[in-house]
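Asker: Sequence:
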Amino acid sequence: MERYETLLYEVADDIGVLTLNRPKVLNAINDQMIEELFDFWSRRRWEAEPRVIVITAAGEKGFCAGLDLKSFLPKAAEFDMARFYRFQAKLARVWLAMRQAPQPIVCCVFGAAVGAGFSIAMASDLRVIAPDARFAASYINVGFGGSDMAASYFLPRLIGAGRAYEFLLTGDFLGAAVAEGLGLVSRVVEADQLLPTAMELARKMCRKNPLGLRLTKEAINVNLDCGGLEQALIMEDRNQAMCFGTIRYEGQAVDTR
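Under full-length UniProt numbering, the first residue of the sequence shown is numbered 1, with each subsequent residue one higher.
Calculated from the structure, these hints are not laboratory results.
The reader is advised that the hints may include incorrect statements.
[Claimed, not checked] Below are the BS3-like pairs computed for lysine-lysine, each with C-alpha atoms no more than 27 Å apart in a straight line:
id, residue 1, residue 2
1, Lys75, Lys90
2, Lys61, Lys24
3, Lys75, Lys24
4, Lys90, Lys24
5, Lys70, Lys24
6, Lys217, Lys204
7, Lys70, Lys90
8, Lys90, Lys204
Quick caveat: nothing in here was measured; it's all calculated off a predicted structure.
Construct all of the structure, not just a fragment, from the sequences and the given hints.
Answerer: Laid out in structure tokens, this is it:
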């Protein structure tokens with residue numbers, strides 16, 4: 001089991017729990033966390049276990065305050081455009097690695113999830129949030145474009161382009177009630193029920209055919225970007241044939257719960 005300084009990770013019953021672990025700074029993301037997140041998600045791409053990943057955060061005040069500006073701003077003063085681009089590319093690897101991870105990702109959000117924290121939540125597959133959860137693509141509020149860290153990719157696909165335009169162009173907060181109404185989140189539960197609810201969703205998924213679980217995530221991701229119905233049907237037909245093989249020849253149990 002890998003060990004990190006800014007993350008905690010444990011696996012039990014086929015479920016991995018990843019915790020952002022910088023509570024004194026609202027789990028703000030520094031250089032080390034960027035590298036550790038990339039390492040973590042890159043490793044998951046080639047693993048059969050765990051079957052599902054749950055993301056949570058340490059502390060009680062908020063999920064993630066975005067980039068740790070106190071650590072980045074002094075360095076940014078020395079950046080030229082090429083060096084800043086390389087920094088952006090280093091960040092981009094994290095969201096791509098999350099997208100490529102075959103495990104379904106359930107994210108537990110409480111308090112603020114802004115900037116990079118917002119992107120972690122958006123790059124997850126399901127979001128379970130507390131009533132005080134607030135999301136913001138705050139990049140535009142500090143002089144940059146609102147479409148950063150994959151926000152312009154994920155948000156329109158999750159809530160539609162119309163509302164995505166509003167939140168990315170204004171940098172306004174999106175509260176729990178609005179997020180639920182837009183279909184951005186799967187559940188809104190009290191803070192002390194975040195992890196239990198996420199774990200129950202994960203356990204339900206773990207009762208399914210492991211191959212079917214992974215292929216379902218893959219099919220959704222591919223078909224969000226594919227050319228049309230024909231390509232979607234080809235993907236689905238291939239996946240079902242592969243799952244049929246595990247049911248017929250490997251004795252995979254069928255979960256009807």
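Asker: All the hints need checking, so say for each whether the structure fits it.
Answerer: Now the hints, each set against the structure:
Our distance criterion of 27 Å between C-alpha atoms is met by Lys75 and Lys90, whose separation comes to about 15 Å. For a cut-off of 27 Å, the pair hint linking Lys61 to Lys24 stands: about 9 Å separates their Cα positions. A threshold of 27 Å between alpha carbons decides the hint, and for Lys75 with Lys24 the separation of about 21 Å falls inside it, so the pair holds. The hinted pair formed by Lys90 and Lys24 meets the criterion: a straight-line CA distance of about 24 Å does not exceed 27 Å.
Between Lys70 and Lys24 the CA atoms are separated by roughly 13 Å; this keeps the pair inside 27 Å, and the hint holds. A threshold of 27 Å between alpha carbons decides the hint, and for Lys217 with Lys204 the separation of about 15 Å falls inside it, so the pair holds. At most 27 Å may separate the alpha-carbon atoms for a hinted pair to count; Lys70 and Lys90 meet this at roughly 19 Å. Restraint check for Lys90 and Lys204: not satisfied, since their Cα atoms lie roughly 34 Å apart, outside the 27 Å limit.
Checked against the numbered hints above, the structure violates only hint 8.
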